[in-house]
Amino acid sequence: MFTQPSSLIKKILIGNRSWEWVPILVARVSLGLFFSVSGYNKLFDSEKHADLVNLMSEIGMPFHKFMALVLASVEFFGGLLLIMGLLSTLAAIILSIVMIVAIATVEIEHAIPKGIGPLDWMSWFLYLPQVLYIILFIWLITTGPGRFSLDHLIADKLGLNRTDK
Numbered sequence: 001m002f003t004q005p006s007s008l009i010k011k012i013l014i015g016n017r018s019w020e021w022v023p024i025l026v027a028r029v030s031l032g033l034f035f036s037v038s039g040y041n042k043l044f045d046s047e048k049h050a051d052l053v054n055l056m057s058e059i060g061m062p063f064h065k066f067m068a069l070v071l072a073s074v075e076f077f078g079g080l081l082l083i084m085g086l087l088s089t090l091a092a093i094i095l096s097i098v099m100i101v102a103i104a105t106v107e108i109e110h111a112i113p114k115g116i117g118p119l120d121w122m123s124w125f126l127y128l129p130q131v132l133y134i135i136l137f138i139w140l141i142t143t144g145p146g147r148f149s150l151d152h153l154i155a156d157k158l159g160l161n162r163t164d165k
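This note's numbering applies: residue 1 is where the sequence shown begins, and numbers increase by one.
Check the hints yourself; a few may be wrong.
Cβ-Cβ distance ranges computed for the label pairs, FRET-style [what the hints assert, rightly or not]:
1) Phe34 x Gly115: 46 to 52 angstroms
2) Trp121 x Thr89: 27 to 33 angstroms
3) Tyr127 x Leu158: 39 to 45 angstroms
4) Lys65 x Thr89: 27 to 33 angstroms
5) Asp51 x Leu8: 48 to 54 angstroms
6) Pro118 x Leu160: 41 to 47 angstroms
7) Asp156 x Leu90: 14 to 20 angstroms
Simulated from the structure, these hints should not be mistaken for laboratory data. Every residue gets a Cβ at the ideal spot worked out from N, C-alpha and C, and that includes glycine.
Using the sequences and the hints given, assemble the complete structure.
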């Protein structure tokens with residue numbers, strides 16, 4: 001029936017990789033901004049820092065004052081690295097671990113209602129913003145930070161972006 005698929009049908013079915021850099025850039029910078037601002041507030045806003053220390057104490061985190069400082073620093077500097085596209089994969093991995101810990105220690109206990117069925121539980125779980133952040137981090141880890149990143153520039157200088165083998 002179809003001998004040569006039209007360009008439109010091809011784009012509908014398999015997308016257009018030439019514009020892939022746009023969502024990668026938007027996702028990386030948006031996540032970076034979110035985490036850097038969140039970390040900044042936890043580091044430099046005394047009320048928000050105190051709230052974080054109290055939360056860590058409530059959940060039984062050992063060395064809760066120190067761990068609050070570590071968490072805020074990881075968010076702030078990890079976010080800045082994502083914005084610049086520098087060591088993006090490492091930042092995404094570390095921030096994913098932070099999100100997994102947040103889900104395991106706080107969100108499942110406090111955000112998901114108790115006594116619900118497995119499908120409802122999954123619905124609540126997938127509604128957690130941390131789950132979406134992890135999905136986006138996995139996507140960024142697998143696609144790379146995109147061509148508008150310092151990682152890409154460094155890879156160019158090292159000859160790692162060449163397609164010839």
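Right, here's what the structure says about each hint:
{"no.": "1", "hint": "Phe34 x Gly115: 46 to 52 angstroms", "in the structure": "32 angstroms, violated"}
{"no.": "2", "hint": "Trp121 x Thr89: 27 to 33 angstroms", "in the structure": "31 angstroms, holds"}
{"no.": "3", "hint": "Tyr127 x Leu158: 39 to 45 angstroms", "in the structure": "41 angstroms, holds"}
{"no.": "4", "hint": "Lys65 x Thr89: 27 to 33 angstroms", "in the structure": "30 angstroms, holds"}
{"no.": "5", "hint": "Asp51 x Leu8: 48 to 54 angstroms", "in the structure": "52 angstroms, holds"}
{"no.": "6", "hint": "Pro118 x Leu160: 41 to 47 angstroms", "in the structure": "44 angstroms, holds"}
{"no.": "7", "hint": "Asp156 x Leu90: 14 to 20 angstroms", "in the structure": "19 angstroms, holds"}
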